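S.K.: Going down the list, the protein sequences come from chains A and B. The first sequence begins at 1 in the numbering used here and counts up by one. The second sequence begins at 115 in the numbering used here and counts up by one.
Take these hints with a grain of salt, some might be off.
Unchecked claim - Derived Cβ-Cβ restraints for the label pairs, each shown as a range:
(1) A:L10 to B:K119: 27 to 33 Å
(2) A:E59 to B:N134: 37 to 43 Å
(3) B:K119 to A:K109: 25 to 31 Å
(4) B:Q179 to A:E8: 32 to 38 Å
(5) A:A96 to B:N142: 15 to 21 Å
(6) A:V113 to B:Y124: 30 to 36 Å
(7) B:E176 to A:Q82: 44 to 50 Å
(8) B:G193 to A:L41: 32 to 38 Å
(9) A:Q26 to B:N134: 31 to 37 Å
(10) A:S3 to B:L197: 23 to 29 Å
(11) B:G130 to A:D54: 48 to 54 Å
Quick caveat, the hints were computed from the structure, so don't treat them as lab data. Just so it is clear, the structure is predicted and the values come from calculations on it, not from any experiment. All residues carry an ideal CB built from backbone N, CA and C; glycine is no exception.
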Amino acid sequence: GDSVTQTEGLVTLTEGLPVMLNCTYQTIYSNPFLFWYVQHLNESPRLLLKSFTDNKRTEHQGFHATLHKSSSSFHLQKSSAQLSDSALYYCALSPANSGTYQRFGTGTKLQVVP
Amino acid sequence: DTTVKQNPRYKLARVGKPVNLICSQTMNHDTMYWYQKKPNQAPKLLLFYYDKILNREADTFEKFQSSRPNNSFCSLYIGSAGLEYSAMYLCASSRTNSGNTLYFGEGSRLIVV
Numbered sequence: 001g002d003s004v005t006q007t008e009g010l011v012t013l014t015e016g017l018p019v020m021l022n023c024t025y026q027t028i029y030s031n032p033f034l035f036w037y038v039q040h041l042n043e044s045p046r047l048l049l050k051s052f053t054d055n056k057r058t059e060h061q062g063f064h065a066t067l068h069k070s071s072s073s074f075h076l077q078k079s080s081a082q083l084s085d086s087a088l089y090y091c092a093l094s095p096a097n098s099g100t101y102q103r104f105g106t107g108t109k110l111q112v113v114p
Numbered sequence: 115d116t117t118v119k120q121n122p123r124y125k126l127a128r129v130g131k132p133v134n135l136i137c138s139q140t141m142n143h144d145t146m147y148w149y150q151k152k153p154n155q156a157p158k159l160l161l162f163y164y165d166k167i168l169n170r171e172a173d174t175f176e177k178f179q180s181s182r183p184n185n186s187f188c189s190l191y192i193g194s195a196g197l198e199y200s201a202m203y204l205c206a207s208s209r210t211n212s213g214n215t216l217y218f219g220e221g222s223r224l225i226v227v
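For reference, chain A alone in the conformation it holds in the complex (with noise of 0.2 Å):
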């Protein structure tokens, strides 16, 4: 079945340094959506962005990822750290893009520390 890999649990980056979030990802479909999504302290998850077309970039509030479905990755990357973006980041797969399911990697906790 369908699975997306996250390799570090936590991530501490002093402010000001790159962010770099690993992401890769599994599934027997040729078009997936892949997404990020955030969950900042005592919030609900959201999405930061979600790319579905290879090897184009897609950016949001100053992260970005690309979609490479030749090495199945889909890696979050950000070039300074800001204190606020210390929260936990999670990865999702989702075959089609509409009425189906998503399937989530197990996140990734950014902590940045000044």
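With chain A fixed as given, assemble chain B onto it according to the hints.
M.R.: This is chain B only, laid out in the frame that chain A set:
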């Protein structure tokens, strides 16, 4: 308004007793989901409704039931709670042709004793 509401927010249940969790959304979303979240684990999809069609995951098929009496409401029912059901239950909804973005509720924390 992109609110998904869940009730109750907290539930304490005895082993063997039933549990019913409620979710509502006013966004006219056609799909509603229930996820189970335990510490240090991925949110686990339990089931989802696409319109009136219920889809349940194979490994939790017999453990959870659900109903969707109308577009706005969806329930999650546990007939006989076990200790292993203690978790956060997240409801989410999405709309066809909007890229399937999930909108989550605040969750219902279930503790089974």
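S.K.: Should the hint that A:L10 and B:K119 are 27 to 33 Å apart at their CB atoms be regarded as holding?
M.R.: Because 31 Å falls inside the window, the suggested range holds.
S.K.: With respect to the beta-carbon atoms only, verify the hint that B:G130 and A:D54 lie 48 to 54 Å apart.
M.R.: At 50 Å between Cβs, range holds.
S.K.: State, for the Cβ atoms of A:Q26 and B:N134, whether the hinted interval 31 to 37 Å holds or is violated.
M.R.: 35 Å, holds
S.K.: Cβ-Cβ distance between A:E59 and B:N134: within 37 to 43 Å?
M.R.: 42 Å, holds
S.K.: Using the Cβ atoms, figure out if B:K119 sits within 25 to 31 Å of A:K109.
M.R.: Given about 27 Å between the Cβ atoms, the range holds.
S.K.: Should the hint that B:Q179 and A:E8 are 32 to 38 Å apart at their CB atoms be regarded as holding?
M.R.: 36 Å, holds
S.K.: Holds or violated: 44 to 50 Å for the Cβ distance of B:E176 and A:Q82?
M.R.: 46 Å, holds
S.K.: With respect to the beta-carbon atoms only, verify the hint that A:V113 and B:Y124 lie 30 to 36 Å apart.
M.R.: Holds: the Cβ-Cβ distance is about 32 Å, inside 30 to 36 Å.
S.K.: Do the beta carbons of A:S3 and B:L197 sit within 23 to 29 Å of each other?
M.R.: Roughly 27 Å apart at Cβ, these two residues keep to the hinted range, so it holds.
S.K.: So the hint says 15 to 21 Å: do the beta-carbon atoms of A:A96 and B:N142 match that?
M.R.: 20 Å, holds
S.K.: Range first: 32 to 38 Å. Now tell me if the beta carbons of B:G193 and A:L41 are that far apart.
M.R.: Between B:G193 and A:L41, where Cβ atoms are some 34 Å apart, the hint holds.
The structure fails none of the hints (numbered hints given earlier).
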